[in-house]
Every structure is written in structure tokens, then in C-alpha cells.
Amino acid sequence: MSIDSFGAKSTLEVGGTEYEIYRLDAVSGTEKLPFALKVLAENLLRTEDGANVTAEHIKALANWDPNAEPEHEIQFTPARVVMQDFTGVPCVVDLATMREAVTDLGGDPDQINPLNPAELVIDHSVQIDVFGTQNAFQRNVEIEYGRNRERYQFLRWGQNAFENFKVVPPCTGIVHQVNIEYLARVTMAQENGGVLQAYPDTCVGTDSHTTMVNGLGVLGWGVGGIEAEAAMLGQPVSMLIPRVVGFKLTGQIPAGSTATDVVLTITQMLRQHGVVGKFVEFYGDGVSAVPLANRATIGNMSPEFGSTAAIFPIDDVTLDYLRLTGRSEEQIELVEAYSKEQGLWHDPEKVVEYSEYIELDLSTVVPSIAGPKRPQDRIVLTEAKESFRKELPNYATGEPSDDGRIHKVSPVTLANGTKTELDHGAVAIASITSCTNTSNPSVMMAAGILARNANRRGLKPKPWVKTSMAPGSQVVTDYYEKAGLWPDLEALGFHLVGYGCATCIGNSGPLPEEVSKVVNDQDLAVVSVLSGNRNFEGRINPDVKMNYLASPPLVIAYALAGTMDFDFESEPLGQDQDGNDVFLADIWPDADEVQATIDASVNREMFETSYSDVFKGDKLWQELETPEGSTFDWDPQSTYVRKPPYFEGMTMELEPVTDISGARVLAKLGDSVTTDHISPAGAIKPESPAGQYLESHGIGRRDFNSYGSRRGNHEVMIRGTFANIRLRNQLLDGVEGGYTKNFLTGEQESIYDAAQAYQEAGVPLVVLAGAEYGSGSSRDWAAKGTALLGVKAVITTSFERIHRSNLIGMGVLPLQFPAGQSADTLGLDGTETFDIEGITELNDGRTPKTVKVTARKDDGTEIEFDAVVRIDTPGEADYFRNGGILQYVLRNLAKQA
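In UniProt numbering, the protein residues as written are 1 to 897.
Source of the hints: derived by calculation from the structure; they are not laboratory data. Since the model is a prediction, treat every value here as computed from it, not as a measurement. Among the hints, a few may not be true.
Pair ranges (Cβ atoms, derived) [stated by the list, open to error]:
#1 394 <-> 837: 37 to 43 Å
#2 324 <-> 590: 39 to 45 Å
#3 349 <-> 622: 52 to 58 Å
#4 892 <-> 697: 35 to 41 Å
#5 746 <-> 569: 53 to 59 Å
#6 571 <-> 361: 27 to 33 Å
#7 416 <-> 569: 53 to 59 Å
#8 4 <-> 149: 49 to 55 Å
#9 349 <-> 109: 34 to 40 Å
#10 31 <-> 288: 17 to 23 Å
#11 703 <-> 416: 23 to 29 Å
#12 361 <-> 460: 47 to 53 Å
#13 627 <-> 892: 56 to 62 Å
Below, simulated DSS-like cross-link-like pairs (lysine-lysine); rule was C-alpha separation at most 25 Å, straight line [unchecked claim]:
#14 643 <-> 462
#15 32 <-> 248
#16 59 <-> 350
#17 390 <-> 462
#18 857 <-> 792
#19 852 <-> 895
#20 419 <-> 460
#21 340 <-> 9
#22 166 <-> 643
#23 419 <-> 340
#24 248 <-> 340
#25 408 <-> 462
#26 408 <-> 419
#27 350 <-> 340
#28 857 <-> 895
#29 517 <-> 462
#30 482 <-> 460
#31 350 <-> 517
#32 517 <-> 408
#33 59 <-> 340
#34 792 <-> 852
#35 895 <-> 849
#36 32 <-> 462
#37 419 <-> 462
#38 619 <-> 166
#39 792 <-> 643
#40 390 <-> 419
Note that beta-carbon positions come from the ideal geometry of N, C-alpha and C, so glycine has one too.
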């Protein structure tokens with residue numbers, strides 16, 4: 001029941017339509033809040049119920065102290081949920097399972113429906129099997145449907161079975177780009193209790209790059225699939241009122257630099273500054289000069305610098321973009337009127353206090369790349385060759401040659417008969433891909449014009465480079481065609497391969513067999529260059545050790561160079577028809593020409609056409625046989641979609657939380673272990689436990705597909721947990737991959753096999769790790785797999801936000817070493833047994849700040865320390881007591897029956 005303690009309920013008339021609104025100016029203090037916190041304040045006013053949201057919560061936000069550390073918990077209710085298919089399939093699997101479980105608890109299965117709009121975009125499943133040909137797109141689509149038929153049938157069932165749930169079919173675009181181009185409302189207009197309400201569009205998404213929508217002034221961020229399911233079912237997101245970092249942008253991007261260079265610079269700056277768990281908000285006179293596409297590109301990279309959100313306020317630039325992308329005039333009028341009425345319109349003259357300040361003069365940005373394994377490791381382009389040579393010894397063995405670097409020149413004969421040579425540093429993959437950059441016409445047009453200039457000079461990519469173009473939406477194809485740039489891109493091998501995340505998510509597809517064989521036989525450290533946002537180890541392709549992020553035009557430049565061991569200033573890319581050297585500067589696109597091409601080639605009609613019937617899908621989608629019924633008929637033979645075990649044996653009564661005794665270490669890990677390390681999304685190795693499982697079920701190796709595509713099957717995903725080929729478990733010396741020491745036998749085993757042995761023996765497990773544990777994508781399976789392996793606690797130096805929350809959502813206890821300490825400083829080597837005492841305080845409704853950890857070595861020596869309990873809010877404590885967030889929601893729904 002809604003309560004209006006501050007008399008904020010009012011009306012707003014726009015274009016002859018009357019909307020109910022909750023006025024921010026009814027609460028003193030909200031006028032001085034940063035834009036993002038004003039959005040949260042409105043959210044609390046509108047959802048005040050005296051229980052989850054109280055007048056005290058609203059006052060705490062209105063009286064926000066920018067200099068204080070976060071301490072006030074609030075309950076944020078997002079307006080909608082967005083999903084992609086890798087994370088969305090498990091969400092729908094869990095909802096389907098909850099329908100059966102709520103019946104067992106005496107509830108009504110029809111209670112299990114998204115209460116808030118939930119939209120899923122199928123964008124993560126296309127793989128680049130075919131490239132460099134005119135029919136690459138069509139062939140990849142056919143292969144995609146063949147591989148993913150079961151999953152797609154399941155999603156179509158979900159769209160029909162659940163209310164308030166829509167699916168954007170394959171071949172449409174990347175979820176974040178579809179979100180900004182079509183799904184985002186900026187201002188919502190929804191009926192609630194028979195009353196038409198207007199309020200800020202907010203969202204959570206099952207992908208960390210949900211923050212791309214921040215560029216439109218929409219507050220949203222990535223959460224785990226676990227939290228997203230709860231949000232769909234009407235549960236608020238528990239959070240602490242955050243610190244807000246004010247980021248001032250001044251100046252203009254100089255000629256020769258791109259929006260990609262800007263985001264790599266900002267990523268490095270903010271990662272060094274430290275913004276984990278904070279909001280970043282852009283302000284100042286310079287904001288109005290930042291195009292919407294650049295705002296979206298910056299917002300998109302928020303997970304890479306670690307903030308919860310990175311938002312731009314609403315202004316005329318926002319309205320112009322809504323108009324360009326085909327939104328109705330009525331909607332645009334509502335956005336403007338509501339934003340101005342509520343003080344959400346950007347006013348550079350208005351003084352806003354922030355917790356911290358940072359500034360970038362855009363005119364100082366220089367061309368850059370990032371790598372070879374983290375987005376924040378920015379390299380000035382002029383120093384790229386030197387940086388590569390410095391990094392190479394970490395990936396290749398051998399003595400440096402006279403030129404100062406390690407070589408391993410290896411002959412290879414390509415499929416077309418071309419004889420050539422590969423060496424360390426060869427560019428094996430050059431891919432224009434991902435939401436970060438393919439949403440931005442400035443860098444995409446620059447790539448097209450560079451391709452045209454290169455083609456005119458007779459330049460070609462090196463023959464060993466796997467080239468690809470995977471745009472974020474069909475609109476990119478339209479403006480390339482209108483600008484006449486497709487033939488030049490195709491002449492360089494950058495044919496359309498699909499509309500989806502592709503290379504950035506690990507769906508780069510296999511390297512040509514002859515290239516892959518030489519790379520593996522000779523243990524070559526080859527590289528990928530992609531216009532994406534992620535380059536973590538093992539993510540892009542199992543054959544590729546070093547991965548670099550670059551702007552789309554630089555992706556093409558590196559394809560022409562063919563190696564990372566290249567200096568664009570002093571080395572020519574090749575020779576023209578007259579034998580003259582051609583350097584990158586000779587073909588680099590002129591900024592004025594890029595803008596003129598955009599102005600002439602990008603228009604509103606393209607967006608209207610592309611999104612005219614977005615949920616309908618192509619012929620392949622429409623012809624899919626779709627199961628019917630309110631509950632799903634599980635196929636016991638399916639290797640894609642299986643009923644998970646989360647609710648087996650669950651009762652309405654809570655089981656008491658217990659202390660942990662005699663636990664063994666499953667893995668001891670270092671710093672910057674990502675969710676890609678914990679739950680890989682890329683290729684499934686045949687010799688891995690997941691590969692062996694699929695083979696035992698009659699699946700041929702060429703049909704393994706990726707871990708991400710099989711996230712609806714817990715059997716595959718448990719076996720894939722900690723299975724990244726680059727994982728370094730410090731319990732073993734010099735071993736990479738998903739292996740551990742089984743202390744029951746003293747033998748090296750796969751992590752999955754060892755965990756199974758421990759479970760059979762009744763031995764609980766812990767994981768030890770360093771700083772920034774769980775950074776990367778908001779991957780629910782990193783937490784689900786951890787829990788299903790039998791891990792009861794994870795003890796780290798520090799956590800990234802989403803993974804810590806997800807662990808709690810799966811009933812795994814997140815603990816931190818005492819400040820300034822780590823496993824190594826405490827003398828822990830992972831051979832110890834662990835007792836953890838004090839967790840039982842949770843049974844009394846309290847959350848202990850610390851728990852006593854006793855680590856006992858084989859010789860009886862004990863190491864004791866007080867670990868910090870990272871259950872940060874009362875809501876998280878409730879989830880943990882229930883054994884997880886889904887169990888908490890399910891019990892509450894069953895009680896309402």
C-alpha cells in the first residue's frame with residue numbers, strides 16, 4: 001500500500017494527458033542532490049509503503065552527506081528489467097522451476113510472473129564460424145539456429161507463458177544498443193492501480209554493460225541474474241546510498257583521436273581513482289558538447305572502471321537522440337516536460353555537491369589501445385610496439401633476438417594454398433564488434449572511411465588475420481549502405497557476420513584449422529584486436545593469449561599490419577599501386593569528413609524501419625515449434641535446458657545458519673580474478689569435465705557450442721565453474737586451467753571432480769583470493785556454480801560489487817581478510833583446514849561485523865584472524881538466512897497465497 005508522508009503526490013498535464021507524479025520539491029534537500037540521487041529520491045517517494053520504504057529512508061536520502069561513507073540502506077525498485085540470452089535463459093529456467101516449487105509450498109504457479117516489464121534480447125549466441133565471405137551472415141545465422149534450437153524454443157515458450165515478458169529475436173542487435181535505440185523510455189508512463197503515472201525510467205539488467213543506458217539519463221546498472229529475477233518478481237534492490245563522483249568534461253576530442261580513446265582514458269583514470277560501488281555523474285558546461293553516442297560509449301564502460309553507474313543528465317542532446325531514433329513526439333514531449341518539472345533537466349549553472357571530483361580535458365586525449373588482458377591497462381598508441389615487447393615474455397618463452405624481442409617464426413600453408421609465416425604477436429583476430437563502439441556512428445564511419453582509403457591504395461589485411469564485422473544493430477548496416485562503404489569494408493574482409501556480441505563475449509569462432517594447429521603446436525603467443533569492452537584472459541579465443549581493445553578504425557589498421565609488433569608512425573602498412581609506402585597517417589579519416597558522412601547517412605527512418613516490428617523475428621524464429629502450457633515440460637535428454645536443483649527439499653521453515661567446520665580450500669587465487677575466470681563463457685574444451693559430460697550425452701565436439709549458450713543446464717555449468725584455461729590455482733605449481741589438489745587423495749584433479757569427492761565425504765569448501773575478486777560481467781553462474789560445488793565461504797582481500805551480492809544470493813558467505821592483510825601475509829598456503837565461527841549470530845536477526853577464522857596446518861599450527869563479513873545490508877542478511885534470494889522470494893510468495 002502506497003503512503004505519501006510528504007504530500008508529494010501531484011499531477012502533470014502534458015499534451016492534454018494528465019499524469020500522476022510524485023514531486024521531488026515536496027521534500028526539502030532534494031534540490032541539491034546530484035541527478036542520479038534525485039532519481040532514487042523519486043523512486044522512494046513513489047514506493048513508500050511504511051515497511052520496505054519509510055519516511056526515514058526518504059529523509060536520509062534528502063539529507064545525503066556527500067562526504068560521509070555509505071551507511072544508509074534503501075530499497076530501490078527498478079521500473080524494468082533487461083536481459084540477454086546467456087543470462088536470460090537461466091532466469092527463465094529459474095522462473096519455470098519456481099512455478100513448480102511454489103505449487104509444492106502451497107502457492108499458485110500463476111503468481112510467478114514478472115511484475116515489472118522484462119525484455120530479453122537474444123544477442124549473445126551468434127558465433128563467427130564463417131567469415132570473409134558474402135554469405136557469412138546467412139551461414140552463421142543458420143548455424144546459430146541449429147545449435148540453439150532448444151534454447152530458442154524455450155524462450156519462445158517463456159514469452160507465451162509469462163505475462164509482462166517480451167523477447168527480441170536473434171539477428172536484431174546487441175541488448176544494450178537495442179535498449180538505447182528502442183527499449184529505453186527515459187520517462188515511464190505506466191498505469192498503476194488504474195492511474196496513469198509518469199516517473200523516471202530506471203532499469204537493472206543481467207549484463208554489466210546495462211550502464212550504457214546511463215548515456216540517455218536512465219539510471220540503471222548490471223545485476224546478477226539472481227537479483228534480476230527478484231526484481232522481475234517485484235522485490236526491490238537493496239543498496240546503500242552511494243558516494244557520487246562528479247566528473248567534469250571540458251574541451252573537444254582532437255583530430256586523430258576517437259570516442260574509444262576517450263573511454264579508454266576515462267577507464268584508466270577512474271580505475272586508478274577508485275570508484276567501485278560509487279556512482280559517477282558527468283557535469284559542467286562541457287556536457288552539452290558530448291554527443292549522445294559518446295555518452296553511451298562512456299556509460300557502457302562503467303563496469304570496466306568499476307562504478308555502479310556512470311550517468312549523464314537529461315538535456316536537449318537526449319531529446320535529439322530520441323527524435324533521431326524514432327521515438328514518438330508525445331514521448332519526447334513527456335520526457336522534456338517531466339524532467340524540467342522535477343529538476344532532472346541539466347542546468348550547468350546549478351551547483352551540485354559531489355563526494356569526489358575528477359576532470360578530463362578532452363583535448364588531451366590521444367589514440368590508445370588497452371591490453372593485453374585488462375580494459376584499464378591503457379597504452380598510448382605510439383608506445384604500443386614497445387609495450388607489446390615488454391609484455392611478450394609473460395606469454396612466450398625463449399631468448400630475445402638481436403632486435404630485442406622473442407621470435408618463433410613458424411611456416412604455415414593456408415587453406416587457399418598461400419604459404420606464409422606466423423610469429424609471436426601475429427594478429428590472429430581483428431574484429432569490429434560489441435555494444436561499446438558499434439553503437440557509435442563516429443567510430444564506425446571512421447572505420448568505413450579508413451577501409452575505403454586503404455582499399456583505394458591497394459592495401460590488404462595479412463592473410464592469417466580472421467576479420468569480422470558484427471554491428472550492434474541493423475541500423476549500422478543501413479548507414480554503411482547509404483554511405484557506400486560496404487564494398488570497401490568487404491574488400492578488406494570485414495563482411496557482416498552477425499548482429500550480436502560475438503567476439504567480445506568469446507564467440508569469435510575457431511581460427512582456421514591450419515592457423516590453430518601451428519599456434520598450438522608451436523605454442524605461439526598470437527593476439528586479437530577487437531573494438532570491444534572486455535579482453536580478459538581466455539575470453540576471446542582459446543588459441544589467443546594476448547587481447548587488445550582498440551577503436552574500429554584501429555582494428556582495421558592492425559589487420560593491415562598483421563602484428564602487434566608494429567609502429568604505425570615509422571612503419572608502412574604496405575605499398576600502393578605505384579610502389580609508394582603507405583602509412584596509417586595517409587589513410588586516417590578526416591574528422592570533418594566523418595561528421596559530414598554521418599550527417600548525410602544516418603536518419604530517423606532507418607531506426608523506424610529497423611524497429612517497426614521488433615518482437616516478430618525472421619522466418620526461422622516464426623517457424624520454431626514452441627511448447628505450450630503454464631509449466632514447462634522438461635526434456636530429460638536436453639543438454640541445453642534442465643530443471644535446476646535449487647528448491648529440492650525446500651520447506652517453508654528456515655533452516656538455521658550454521659558455523660563452518662573442517663573446510664578445505666578448493667582454490668587459492670591471486671588478484672583480479674574475474675567472473676570469466678570463475679565461470680567462462682567461451683569455448684568448451686573437449687578434455688574438460690563439461691566437454692566429457694557433453695560427449696557422454698552423445699554431443700559431437702563441433703556441436704559443443706559455448707558455456708554461455710548452455711547456461712540453462714546446471715550440469716554443464718557446474719563442470720565449467722573455475723574451468724577457465726588461464727586460471728592459476730596457487731595450490732598447484734605452474735599449472736594453468738581448472739585444476740586443484742584434492743587433499744583427500746593428495747592428487748591433482750579437475751576442480752569439479754575434487755569438489756564432488758569433497759561433497760561425498762561431507763567436507764565443506766572455501767575459496768581464498770586476492771583483490772578485486774569477481775570483477776567483470778554480472779555473471780550469475782559464477783555464484784551459482786560456486787554454491788553448487790559446495791563452497792560455503794569465499795575469503796578475499798576485496799570484492800567487486802556484483803559478484804559479492806550474487807554470492808549472498810546463492811547462500812555463499814563473502815568474507816574479507818582484515819584490512820591490510822591477505823592470505824600470503826597471514827601465512828596461508830591453502831593446505832590448511834578452516835573453521836569459521838560466529839555466523840550463527842544471523843539466526844538471532846543480527847549480522848556480525850566479523851567472524852573468527854581458524855586455519856589449522858598439518859603440523860597442528862593454527863593461524864587465527866577476524867574476517868570482515870561482507871553482508872552489507874539487512875536485506876542481504878535476509879537472503880542469506882533463507883539460503884538465497886530465490887528461496888526468500890519463493891517463501892514470501894507462498895505466504896501470500
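Right, here's what the structure says about each hint:
no.: 1; hint: 394 <-> 837: 37 to 43 Å; result: holds (41 Å)
no.: 2; hint: 324 <-> 590: 39 to 45 Å; result: violated (23 Å)
no.: 3; hint: 349 <-> 622: 52 to 58 Å; result: holds (53 Å)
no.: 4; hint: 892 <-> 697: 35 to 41 Å; result: holds (37 Å)
no.: 5; hint: 746 <-> 569: 53 to 59 Å; result: holds (56 Å)
no.: 6; hint: 571 <-> 361: 27 to 33 Å; result: holds (31 Å)
no.: 7; hint: 416 <-> 569: 53 to 59 Å; result: violated (33 Å)
no.: 8; hint: 4 <-> 149: 49 to 55 Å; result: holds (51 Å)
no.: 9; hint: 349 <-> 109: 34 to 40 Å; result: violated (55 Å)
no.: 10; hint: 31 <-> 288: 17 to 23 Å; result: holds (21 Å)
no.: 11; hint: 703 <-> 416: 23 to 29 Å; result: holds (27 Å)
no.: 12; hint: 361 <-> 460: 47 to 53 Å; result: violated (38 Å)
no.: 13; hint: 627 <-> 892: 56 to 62 Å; result: violated (29 Å)
no.: 14; hint: 643 <-> 462; result: violated (47 Å)
no.: 15; hint: 32 <-> 248; result: holds (17 Å)
no.: 16; hint: 59 <-> 350; result: holds (22 Å)
no.: 17; hint: 390 <-> 462; result: holds (24 Å)
no.: 18; hint: 857 <-> 792; result: holds (20 Å)
no.: 19; hint: 852 <-> 895; result: violated (36 Å)
no.: 20; hint: 419 <-> 460; result: holds (16 Å)
no.: 21; hint: 340 <-> 9; result: holds (17 Å)
no.: 22; hint: 166 <-> 643; result: holds (22 Å)
no.: 23; hint: 419 <-> 340; result: violated (65 Å)
no.: 24; hint: 248 <-> 340; result: holds (22 Å)
no.: 25; hint: 408 <-> 462; result: holds (18 Å)
no.: 26; hint: 408 <-> 419; result: holds (16 Å)
no.: 27; hint: 350 <-> 340; result: holds (13 Å)
no.: 28; hint: 857 <-> 895; result: violated (47 Å)
no.: 29; hint: 517 <-> 462; result: holds (18 Å)
no.: 30; hint: 482 <-> 460; result: holds (24 Å)
no.: 31; hint: 350 <-> 517; result: violated (62 Å)
no.: 32; hint: 517 <-> 408; result: holds (15 Å)
no.: 33; hint: 59 <-> 340; result: holds (23 Å)
no.: 34; hint: 792 <-> 852; result: holds (15 Å)
no.: 35; hint: 895 <-> 849; result: violated (31 Å)
no.: 36; hint: 32 <-> 462; result: violated (57 Å)
no.: 37; hint: 419 <-> 462; result: holds (12 Å)
no.: 38; hint: 619 <-> 166; result: holds (18 Å)
no.: 39; hint: 792 <-> 643; result: holds (23 Å)
no.: 40; hint: 390 <-> 419; result: violated (29 Å)
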